[in-house]
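Trainee: Chain residues, written in single-letter form:
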Amino acid sequence: ETGVTQSPTHLIKTRGQQVTLRCSSQSGHNTVSWYQQALGQGPQFIFQYYREEENGRGNFPPRFSGLQFPNYSSELNVNALELDDSALYLCASSLTGLGNSPLHFGNGTRLTVT
Amino acid sequence: AQSVTQLDSHVSVSEGTPVLLRCNYSSSYSPSLFWYVQHPNKGLQLLLKYTSAATLVKGINGFEAEFKKSETSFHLTKPSAHMSDAAEYFCVVSGGNRDDKIIFGKGTRLHILP
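For the record, the sequence lines run as chains A and B. Read in the numbering used here, the first sequence has 11 at position 11, and its numbers run on one by one without any break. Just add 1000 to wherever you are in the second sequence, counting from 1, and you've got the numbering used here.
If you are wondering where the hints come from, they were derived from the structure by calculation, not from laboratory data. Every value quoted in this text rests on a predicted model; they were computed, and no experiment measured them. Mixed in with the good hints, there may be bad ones.
From the structure, some residues in chain A lie toward chain B, with a derived Cβ separation under 8 Å [unchecked claim]:
hint	residue
1	Gln41
2	Gly42
3	Pro43
4	Gly56
5	Gly58
6	Phe60
7	Leu90
8	Gly99
9	Pro102
10	Gly106
11	Asn107
12	Gly108
Covered by chain A, according to a simulated footprint, are these stretches of chain B (three or more residues, beta-carbon under 8 Å) [stated by the list, open to error]:
hint	region
13	1040-1051
14	1102-1109
Calculated from the model, a selection of chain B residues having no Cβ within reach of chain A, i.e. all distances over 12 Å [said to hold, decoys possible]:
hint	residue
15	Thr1055
16	His1082
17	Glu1088
We treat Cβ as the ideally placed atom computed from N, Cα and C, and that holds for glycine.
Using the sequences and the accompanying hints, generate a full structural model.
Mentor: Right, dumping it as structure tokens:
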């Protein structure tokens, strides 16, 4: 069973640039969710994809967007990067996407915006 | 609307003594509740989950939590702390539907004293 993998592990970008983060879900999981974790804070829910459709979104602006592919892998795109976007971005997959389905996390992508 | 409050940002215990990490939640319907652990520079790992079955839930590494509806609490305990338990712990509340948001607490940093 392959776990959740994220790439890259670290990334440095300049304010105003765009970034794409990638996530491969755990085998058999059809739901992927993304989280932003600022230093010293708990993860904040960005959005969730179930079978290639976005079906839940947190309080993040439209410049945060995503995709889910037929193999259930996913991308998080952030446009017009701001300094406050510096954080650990976590991807999680789950078996059903229902609220009682545990999340399986990747190790995250550390994004630094300068 | 749902919310979760972790009552302590830091907890320090001596090795071999009991651990208590406190979590209160608010939900307008029967929630699913989880505890996750995060070791430094790692993703989150599921410790245990409550989904309206037994109110006392046993998890990995000797942790357990008790769901108390009357107190809206879901505290995490362990009888005897080990040095390897030093980490950040997150209490999470979720609804039963796919479009329900997943809410993380701000985390409790557990320190184990030798």
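Trainee: Each of the hints needs a verdict: does it hold here or not?
Mentor: A quick look at each hint next to the structure:
| no. | hint | verdict |
| --- | --- | --- |
| 1 | Gln41 | holds (6 Å) |
| 2 | Gly42 | holds (4 Å) |
| 3 | Pro43 | holds (5 Å) |
| 4 | Gly56 | holds (5 Å) |
| 5 | Gly58 | holds (6 Å) |
| 6 | Phe60 | violated (12 Å) |
| 7 | Leu90 | holds (6 Å) |
| 8 | Gly99 | holds (4 Å) |
| 9 | Pro102 | holds (5 Å) |
| 10 | Gly106 | holds (5 Å) |
| 11 | Asn107 | holds (5 Å) |
| 12 | Gly108 | holds (6 Å) |
| 13 | 1040-1051 | holds (count 8) |
| 14 | 1102-1109 | holds (count 6) |
| 15 | Thr1055 | holds (15 Å) |
| 16 | His1082 | holds (22 Å) |
| 17 | Glu1088 | violated (9 Å) |
The earlier numbered hints that this structure contradicts are 6 and 17.
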